[in-house]
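Take the two lone chains, each set in its own frame, and fit them into one complex as the hints suggest.
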Amino acid sequence: MSWGIGRVCRGEDVYINSGQSRGLLIPILILVGIGIVMVYSSTAIMSIRDNGSGFHYLWKHLFTVCIGTAVMMFLSKTDYQKLRPMVYVLLGLSLVLLLLVFLPGIGISANGARRWLRLWPTTFQPSELVKVVMVIFLADYMDRNIHRMKDFRYGILIPVGTMLLFQLILLSQPDFGAVMSLGILTVGLLVLGGARLIHIGALMLFALPAVYLLIMTSAYRAKRFICFLDPWKEPFDCGFQLVQSFIAFGNGRFLGLGLGGSKQKLYFLPEVHTDFIFSIIGEELGLAGALFVLGVFVWVFVKGIQVSTKTRDPYSYFLTIGLTMLIGVQAIINFAVSTGLMPTKGLPLPFISYGGSALLVNMAAAGMLINISLKNENTSCSRTSPDFVTGGNRHGLLRGGRGSSGRYIRR
Amino acid sequence: MRRRKIERVEMRKLWDEDPVRIPLQKSRKRALVLVTVILFCFAVIGWRLIDLMILDHDKLTDRASQQYIREKTIAPQRGIIWDRKMRQMAANIESDSLYAVPSKIEDTRTLTKKLARLTKISSKKFNMDLLKKKNKDFIWIDRKMDLETVREIRKLLDKMGYDSVGFIPESKRFYPKGRTASHILGFTNIDNKGISGLELKYNTYLKGKARYVSVGTDARGNRLSSNIKEGFSGNNLVLTIDEGIQYIVEKELDNAMDESKAKAAVAIMMDPMTGEILAMANRPTYDPNTAGKFRDYMRRNRAITDLYEPGSTLKTILAAAALEEGVVDLNDEFDVSDGFIVVGGKRIRDTHKNKILTFQEVIQRSSNVGAVYVGMRLGGENYYRYIKKFGFGRKTGIDYPGEVKGILRKPENWSGTSLAALSIGQEIGVTPLQLLRAYAAIANGGALMKPYIVSDIISSSGSIVKRVSPELSGRVISSRTAKKVTDILKTVVEEGGTATRAYIDGNLVAGKTGTAQIYDQKTKRYSRDRFVGSFVGFVPADHPKIALIVVIYEPRGVSYGGVVAAPVFKKIIEQTFAYLDVPMERDENRIVLVNRFR
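Protein chains in written order, with the working numbering: chain D, 1 to 411; chain P, 1001 to 1598.
The following block holds chain P by itself, in its conformation from the complex (with noise of 0.2 Å):
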């Protein structure tokens, strides 16, 4: 040990004289500069994996399942839509999409510019979409196409070899029937969603369940694990409309409209004995197929969702509690001579002049002062029972989105006009549906009938989902007086009554016509020239096949529900029963008719 300590130190020794050691020594002093430099570099990058690794961590890899994990969701088919004879009144067809992969796009402003001109985008706009998107994988241009547009597109890509731009099929929903029935079944955005009608209420049926596929992939898009969830087919819906009828009915409205100029109107048509709704059209209408393009008054159902005030039409339910409670008898007379009558200072008038009516003829011939006196006999507590019972005031419960219950004040909420005017049909808001149910009942023999537009859902491999059977919603009156109010309600289309020309050769019509004046809000009182015509009524009398109501809002010129409803209605009617291939009740009527006319 010791002999290699002098060996160091003569070593060291050796080593101080050497003439290199002296740069040599200030270079180990930059060394060490430079080791330190180093090994920093070695602590930077030893910071940084902290930084990518640890720090970053959640950022980095939710940007890494976005690239190992490609989605696809494959669309379902939407269910359809079949009237009561199977016939398709909403389908899908198969309709072209064009998207664009602005990552992919090199010069937006020339596409843009071209592709603009074709899909009628403000190329201004488009461009700076694609440019805000850039950094996307997909954009959609314009989806479901008009196949011209698609055609010209197709002819631009070709020649200008675009691959940052196609098209993908897509299913899209189409109704072959046009404008018809297009109020009830509503329709759908670009998405396949209901928006409004049918498409809405039974979107969930409807709209089936998309097959979903996850597929994890490597860069090259070979698949290494997948996850399919599969999907359905929508369910189809079996309507209660017979499209046939529908077509009559919104044809003779459509000439109801063009002779009365009116500013809508709607029918209902239903099967009175089960609440099935028939046909049910609106005017003015629109086509399904275009939604977009249409106002949205066009796409409203009135039947539905809009109140108006009944007039006449509500002394039928006046008259049916009436008889129903007693107070008056078919042939009680009422002195109405006096052609007015006055009530907490309000004159009522009647449009002509009567003498002495029975009760029946009070309905018959629509007299406001006799109806204002039965309704003082009924009083106010009974009559708003019976309203309430006949369903107004609530909603009916129909299978259909946006239904209001309409607006009836409780009696203690009442002035002292207030019996008067009910009895007149005013100071109540109901929907054509409502009032139509009402009259339903009464030619049912008394019972409320839930109205529905769907009587079956079945699924795509064709079991039934659900199955809708007639709902009663109550009892209103008893049979014995259904059936007195019948006959009056019979009275009022012949010889005397306000609706001869609701007059149906070989079946009876009951029914009642209704002029109602529309309350201005803004003037706080009922217009002079504006009215709602009405007629409601269903045929054969004493054996209902069909309750209809026919209501115009805001005819001009002659605006008597017997003059501007009470045709349609004859009119409806009559191509109905050749359609349905009903009997004639009455054949001798048609000998009677044949000698009255020559």
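Chain D on its own, in the form it takes in the complex (with noise of 0.2 Å):
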């Protein structure tokens, strides 16, 4: 493990790092540790029952946080400006692997949705790829086009569409947990890019009718909207789920049942291991280890936020708040669904719970960010190289061409 401690630079300037990275990287394996803790408490008896270990799920959480620690590793110590030529790869392949969940044969579904893809020995949920490809994609794009971002074509029909290219796919699926943040981040990241707020505007008054259509079009979609506005109406039929996590919330209280003592778990509440993972630990660690969890989060993001200020290029600026945007709305759908503060979509909890793809991509989004703090970290590199803020991207912007970022860090 040498993130956190290493070389900042190359050339003859060699910093001991301070620790900025450490300052991401510490929240994100608590947040990793607790998830594994709170994966194998919620889903021992239920694994038991079902599969006669009660490590079944703990060995698969196991081996996708090993593989996802290799990923961030692998990712912190690369340079994240060498993924920026690969975006329009990355970009046609999440749309081919979200088309391949169609195919049957590859693709698998499960309580009524297509969302993954046969991947020996697990499986694969390609919307988990699309959210971080979209975030690369879109700080590239803003990159290139940062002084043509409050035109409407380049700031809001470009970007708008490729978004709504994926998240046309995802409705089919249907995962409105993805469609949702998809919109969220690029609404944000355009923000953010300089589009016009009246463009965003319209957009959004586009944007509501639509769901408002969506979801009343769908009998299935309408009832859940009703059981969301009051739960304790249908407790047994369509509320039952936000009923039972309330429960475990309030059976929580201060201090909780104690690592293991959820009741709520015992096929209470479904989904303990993935999307309602936070009810249980809401439920066994008590109020005190819920908001220590949000608190957590909230450290990740003010982290990634502090690493967006030290970023020298829109690039990696808008990368920044684009990856550490991705864990936060996340992290805010997920807590907001399972207190009942938003209709019911299916989506994990980032670093804690159950469910590899997820996992995966954030860590690998962990590890990109954990890069970025690295490469931004001391202005002193700057010194060996003044061009890399100044020449290659003026340069760069004047042509408005694409793979000038490439040479931003020229050493």
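No lab work stands behind these hints: they were computed from the structure. Some hints could be false.
Said to hold, decoys possible - A few chain D residues facing chain P, derived, Cβ under 10 Å:
| no. | residue |
| --- | --- |
| 1 | H56 |
| 2 | D237 |
| 3 | G256 |
| 4 | L266 |
The beta carbon of each residue, even a glycine, is placed where N, CA and C say it ideally should be.
So this is what it looks like as structure tokens:
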């Protein structure tokens, strides 16, 4: 393990990292650790009953954590700028993967949704990949078009069009959690990218009736929405999950029932180890535990924003904020869903929930963030290559073409 | 350090000159807003957590325990009631009850429409009930239904494939003898709780204890923990009642009701030595198996809960008191040739004119005028004391709910006519049981016994929980006096007495008739056409086995106790003696009678 302490810049100036990246790594490791414990706690009994061994889910989760850690390690040491030229490849790849889900034999459906790809020995959920790829794409796109973002065509039409393309596919899976987080991320980044607020406002104005229609045209969704508004009305029907989640939180009180003490995980609350793991955290660790987890996410978020302020080029800046928001927004949506502030969507809690693809992708995002923080740590590094801010970038901007970004850091 | 500072300034300059810097500057402002919004969202979630986990804690955990713990109570078997020969008077049978799971029913309207026809419940009300309890997991639709309805509904459910409606077998109280002894037994409600009669009085013994099981389960119903409180079946009762005698009594009451077209009738039979109630019957009656279908007046046990004026039957108490006090002798003579006497401005008449009667004849012929003379000799205070001693004006203490103590005014509250009225059995309210007990005291030589119906309480395992033995309430008169009174009462059924119709071949009957006018509450005077005819006595007179009272309320036509009640008395006694195999006291009597009827 060498993140946190290590080479920052090449050349003669080698600084011992003063802790900037550790500031990101520690909370993420805490979250992953909590995740391991809570996944085991929430699945042990279920796993004994259904799989014969209490460790069924734990092993799988640990396996993903190992791969995720490897990915995070790799990305934190790989120059994030190297990913940039691959952005369209990644975009194309995720599009293909998303569509592959619909191919019988390769795609797997569960609970009435087709979201997974068969990938021995496990499965993969392309929608998770899409989110991070979209962030990279937008960062790259907005960097290149930074002076044209006020333009409706460049500021809205192209990025939103790309988003809609993915959203349409995600909708037909269906995966509303992904649609929602993708939408929030994109709009958020566009706001930061300099798109005119009036354009964004108009976009929202169009989006609202679309969302309304989306909910109301399907009886199932409408019912779900109504149950979200008052879950106690139908506590055994569509309000069941939410009511059970509330009960889990209520059981927790200040210090919780103790680790492993959850009653709600005994099949009362569905999806305890994935979408509703936060409820079990609340039940077993109480308000203290829940607020701690919340706090760690705030910590990650604030650190991420801090990193973004240190970046020296728009691409890094947008990428950092995008990745930070990716983690933050997903966490908020998950929290909001399990506490009944948002209608139910299938969205895992980053770093904590069981679920390979999300964990993997989020750890990859964390790895990239760490790398950005390392690379942008010290202004002193720039001394050896002052043109990394000026020359290359300016050139790139003036030319307006792509590929210029690769030369930001010339060593 | 200094070098680095210069570098920084240099760097800043380069950065500031960067054209990207301008849009980025704006972006950072926007980022600040965005970051604030996101942090605000985190704060909202934090508040929501406090709201759910602390403020809603009680409500939610309450709700939680509802779903973790499944409670079940298994109703106990109610105790069985046996007669004195261990014949079942009340038992339990399995009966089907119909339940519904409202939360699972989708189309309540068709279901209720179909079921309403079979269960005879209004479909509209039924539908409303189901809708109102939509979130409930269990409700009863109809309980302990008859076999025919159950079969019809089963057929319907099979055809329609409803799984939200079904049957659960429940233990239902069953009275195998139907109307027989219904007033003694009482009945239970749908939850097997005693509502009246012995079922009510002994409910705590009979009900047993439910087996309570609470199981902590997960959502799939897997058992995690369990808490069992063992229950037990109810205790069984053994009655002093003899079903055979009870049947005889009820049959004869039915006949009497038919003949006299009376409004009501009561008969109680008692063992005069012990106070055991052998039979107790009322008309009108009801079937405890379907008690709900009968009106209240049919279910009332008049023998214990209703008062009447005893009329002439109270003269026996007067005689006993007078003899015990020594104010009269059997052969003292009373001139009743006037046929009436005026006391306190009120005229008391005899029904038949007599000339001069001995004390014995006063009772035998039930002369009112004679009785008033006796009463005057005895004096109010004395008479009151004896009435009281004989158990009037207070509860007998029988183990039956709803007993009344009767009406007996103290001498200081008496009017000028009170003594005379009491002498002929007016201005006093008694229950048939009180009167019977008083006669039983004369029969057994002066011991006032406490009447009782339940002799043993036996646990379901067979051990005796409680055994009741005869209890003396007090001695009232000496055995010598009792013997004298018995001798007088024997003459009542003989030639010249008022109750020759109660004469029984082979056995001496000691008894007394009574014909009391009913005091009309509306007109505040004694009714001219509404009477209570009664006969109370014991047999065999010198070795009494049975004391019996027959009260016929408001018979149509002739209403003398000697006419309406005495024959009933006779028939009951005759059959009961045959049933009990009581030998005849006087064998020679048979020969005499044979001769006479020739």
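Hint check results:
no. : hint : verdict
1   : H56  : violated, 17 Å
2   : D237 : holds, 9 Å
3   : G256 : holds, 9 Å
4   : L266 : holds, 3 Å
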